[in-house]
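Engineer: According to this note's numbering, the stretch in the sequence shown is residues 2 to 343, in order.
Be aware that one or more of the hints could be misleading.
[Unchecked claim] Think about it this way: if two alpha-carbon atoms lie no more than 35 angstroms apart in a straight line, the pair counts; the simulated DSBU-like pairs of lysine-lysine are: (1) K205 / K20; (2) K201 / K185; (3) K201 / K325.
By construction, these hints were calculated from the structure, which means they are not laboratory data.
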Amino acid sequence: HTSKFGHPEPTQVRITPKKGKAILISGHDMQDTFDLLVQTEGKGVNVWTHGELLPAHGYPALKKRFPHLVGNYGGAWYRQQKEFSEFPGAILMTTNCIVEPRQAYKDRIFTTGEVGWSGVSHVEGKIGQTKDYSAVINKALELPGFTEEPPESEAKFVTTGFARNAVLGVAGDVVKAVQDGHLKHIFLIGGCDGSEPERKYFGKVADATPQDTLLLTLGCGKFRFYDHDYGMLPGTGLPRLIDMGQCNDAYSAVVVASALAEVFKTDVNGLPLSLGLSWLEQKAVAVLLTLLHLGVKNIRIGPKAPAFLTPESLKVVVDTYGLKVTDVKDPAADVAAMMSGN
Numbered sequence: 002h003t004s005k006f007g008h009p010e011p012t013q014v015r016i017t018p019k020k021g022k023a024i025l026i027s028g029h030d031m032q033d034t035f036d037l038l039v040q041t042e043g044k045g046v047n048v049w050t051h052g053e054l055l056p057a058h059g060y061p062a063l064k065k066r067f068p069h070l071v072g073n074y075g076g077a078w079y080r081q082q083k084e085f086s087e088f089p090g091a092i093l094m095t096t097n098c099i100v101e102p103r104q105a106y107k108d109r110i111f112t113t114g115e116v117g118w119s120g121v122s123h124v125e126g127k128i129g130q131t132k133d134y135s136a137v138i139n140k141a142l143e144l145p146g147f148t149e150e151p152p153e154s155e156a157k158f159v160t161t162g163f164a165r166n167a168v169l170g171v172a173g174d175v176v177k178a179v180q181d182g183h184l185k186h187i188f189l190i191g192g193c194d195g196s197e198p199e200r201k202y203f204g205k206v207a208d209a210t211p212q213d214t215l216l217l218t219l220g221c222g223k224f225r226f227y228d229h230d231y232g233m234l235p236g237t238g239l240p241r242l243i244d245m246g247q248c249n250d251a252y253s254a255v256v257v258a259s260a261l262a263e264v265f266k267t268d269v270n271g272l273p274l275s276l277g278l279s280w281l282e283q284k285a286v287a288v289l290l291t292l293l294h295l296g297v298k299n300i301r302i303g304p305k306a307p308a309f310l311t312p313e314s315l316k317v318v319v320d321t322y323g324l325k326v327t328d329v330k331d332p333a334a335d336v337a338a339m340m341s342g343n
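Produce the complete structure using the sequences and hints provided.
Structural biologist: See below:
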């Protein structure tokens with residue numbers, strides 16, 4: 002992505018309606034997003050991201066060229082039946098995470114790439130081949146789109162685009178904040194979200210983090226708290242909430258943690274850093290295995306342990322890496338334990 006679209010930059014993203022015809026693009030595919038934006042230029046259609054495509058707004062080649070990339074609508078994948086039903090335009094689903102479409106929008110949702118559903122129009126095209134999104138665009142032009150928008154003074158925004166280059170660019174500020182006592186701890190809370198009530202835990206953990214801490218996030222797990230106002234880190238110009246991107250951007254978090262460890266002449270486990278991983282499927286498990294391979298310890302995973310981990314294998318991971326299962330009944334206790342290094 003960075004070779005094609007540049008390194009993400011911190012960017013404010015609108016999350017309230019804006020008048021105009023509309024297409025909602027969901028999934029994970031940045032190339033599909035770029036191609037759709039190219040084909041909608043000058044057509045009078047606004048493009049909105051959904052779910053894990055929120056980070057698209059941070060890429061310079063997208064945000065600077067396409068003013069009709071206007072905002073993000075909705076949250077995590079599991080809410081799409083409600084959110085897609087209420088969206089007043091056409092919908093394009095890229096890669097995974099589709100949920101069975103409701104009749105309310107089945108005639109205006111399109112799929113592409115590996116994702117598809119019986120009875121839903123599919124935009125064909127091989128990898129590396131530019132696809133023809135004219136059917137999606139024409140459907141958007143038929144539909145009303147957003148007919149109202151709040152006054153600009155009432156518009157709401159979130160910030161994304163804090164990938165590794167952006168965060169490393171302010172690493173000096175982070176180091177100084179630690180040395181000056183303004184920053185006591187860093188939390189990384191992210192991964193995959195789901196519909197289970199227990200997943201509210203991750204939002205409660207974020208809300209319980211003290212004011213003198215930073216909160217890094219990535220993946221659709223961020224939607225449990227991405228629109229909460231956590232303010233700025235005291236004594237610095239840094240926002241407390243730092244969105245690093247998609248689940249696939251876990252690499253950025255590893256790079257940043259490794260760079261900070263080098264500055265403080267320690268390893269990642271020696272940093273005032275705690276990781277909470279919301280897992281759902283294979284991507285989050287791959288992220289976990291990568292972190293374990295790098296020797297990262299005391300990771301919390303939840304809302305419960307993966308069912309495929311036998312008691313014996315779970316014991317090995319717990320004994321070797323200090324892996325912990327989240328205490329969904331007492332998030333504040335988990336925050337206190339993480340602050341103390343456990």
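Engineer: Does each hint hold? Answer for all of them.
Structural biologist: Hints, one by one, checked against the model:
1. K205 / K20: holds (34 angstroms)
2. K201 / K185: holds (25 angstroms)
3. K201 / K325: holds (18 angstroms)
The structure shown violates none of the earlier numbered hints.
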